[in-house]
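> Each chain, written out:
Number of protein chains: 2
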Amino acid sequence: MAKKDDGSPVRDALRVGGALPDPGSAPVGPGKKAKALERLDSAGERLSALQEALYAEGVGGGRRSVLLVLQGMDTSGKGGTVSHVLGLVNPMGVRYAGFKKPTAAERRHHYLWRIRKQLPAPGQIGVFDRSHYEDILVPRVSGLLTKAERRRRYAELNAFEAELAEAGTTVVKVFLHISPEEQLKRLEARLVTPEKRWKYNPGDLDARSHWPAYQDAYADIFEKTSTPHAPWYAVPADHKWYRNWAVAELLIETIADLRPAFPEPDFDADAELAKLAKLAKLAKLKGVGVSS
Amino acid sequence: MAKKDDGSPVRDALRVGGALPDPGSAPVGPGKKAKALERLDSAGERLSALQEALYAEGVGGGRRSVLLVLQGMDTSGKGGTVSHVLGLVNPMGVRYAGFKKPTAAERRHHYLWRIRKQLPAPGQIGVFDRSHYEDILVPRVSGLLTKAERRRRYAELNAFEAELAEAGTTVVKVFLHISPEEQLKRLEARLVTPEKRWKYNPGDLDARSHWPAYQDAYADIFEKTSTPHAPWYAVPADHKWYRNWAVAELLIETIADLRPAFPEPDFDADAELAKLAKLAKLAKLKGVGVSS
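Chains as they are written, first to last, in this note's numbering: chain A, 53 to 344; chain B, 53 to 344.
The hints are simulated quantities; they were obtained by calculation from the structure and are not laboratory data. Be aware that a few hints might be false.
Heads up, the list lumps identical chains together, so a pair's fine if it works in one copy or across two of them.
[Unchecked claim] Simulated crosslink set (BS3-like; lysine-lysine; CA at most 27 Å straight-line): (1) Lys-153 - Lys-169; (2) Lys-152 - Lys-169; (3) Lys-152 - Lys-327; (4) Lys-237 - Lys-169; (5) Lys-248 - Lys-276; (6) Lys-276 - Lys-333; (7) Lys-330 - Lys-292; (8) Lys-85 - Lys-153; (9) Lys-237 - Lys-327; (10) Lys-152 - Lys-85; (11) Lys-336 - Lys-153; (12) Lys-251 - Lys-336; (13) Lys-330 - Lys-248; (14) Lys-199 - Lys-276; (15) Lys-330 - Lys-251; (16) Lys-199 - Lys-85; (17) Lys-336 - Lys-248; (18) Lys-169 - Lys-85; (19) Lys-84 - Lys-327.
Throw the hints in and build the complete structure from the sequences for me.
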């Protein structure tokens, strides 16, 4: 449960409720780049430690996992967040899935079909780079859903996330909030830098031309799908250093709240140590390392 | 094709052929810890750059990928390699899969069924922490396969990997070679350190008691499944710093050999830049960032 709590200042400050913070602002935490980078460094250590405990819990039979859902306009930094935040922890514990426009094969299934296949295993941190929210966002902006269909889809999305909570997966939904001015700069950077050009898609300009419609659609999503078990957070994302720090802290607070625990050994550690000592002695006597 | 080449000194030095190098040795590259850590740092940058190009190629429609297969006795450092080597690159481009003892559901399928489900997507680096080789290793040591069955399984494994090569996946098979003395130390460390105890499994001592049988089985595997398209490398792994450096270099040489290329844009970059300039001008005139 993401409830108000003294130990979760970042979640409390960034949880969506009413107007979104300015994309260039720093509503909580470091307001300057140098400080943010320094704090991201130490966040990396805390995040790694928490991730390892969550992973160990999973190995020990625990079923809990975390799912980070990243949404945002093109160039808002979903990929950068994966690289700079999830890149801080052991890849064994991370399951990344990017969702592009559904393929013909995917479209023949229910829209949650391809989503379910990518859920994190127990102990893992799953990351969705775009997600099931594209399935309300895009058709809505394209005017393909009636009001009744929209209502039904919201109910489905909420039921799906309630099911995840029930199964032990804590969902953290993050909207990376950039300004159209910043988007323009980033699109330009993609075009002028040869090694970045592959990230550019002329279709991004079409989506951009519907900017207000997308903002409305997101506002509606936040209103209809912010639940206690799967809240939305809006992260100001014009500054990459702020975005990285904030997402790292959201993950830290969320996992810390779960209090993941290293599993209790189901063996007698002293007896095992005695066996090892015996093996070591034997090896020494025989001048080899193994008793076979 | 992994062919002898002046640009692949690490692959050439570590490719299995005859007796394995000493687990504590450094047959190629840095022989001291400080130097190895320094060189791993710069290897990280090269590996990241190559991985990004491979990933970009995949986004652009390329089908190539890399699969790193990690095998080795318990505590040989498969997990540590994932953390320290794959942790150097963007998690978006990495697909990790660990294979434990097959579940009841998995055992009802062909042993390659669960393997196929975890293959890397185009542009990705897949990592198998244990792999399809467990399916010859364990039954063989347990005496469950007749000679004819073994022969058939080797043929299957080679056919499977030939199929992967055909599909564009370059397979890099690494045996992390530790000594039984080092294993004993690492097992002890797992037992005496509370946060490491979850990694200890009393069953590891059973496997250890069959050490020579495992070494024989591996020798047989190297002989029967080292192919030009999917060679085996033996990495001395008593020193973690050497292991990490060596695996990073094996990946670097392998991916560099593929010469992954950023995709050519299928749009007119100048025309797109002109559109952006127009949008920027419009935004300035209207005092807002979006032309809607």
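> Hint by hint, work out which the structure violates, then give me just those numbers in ascending order.
4, 5, 6, 8, 10, 11, 16, 18, 19
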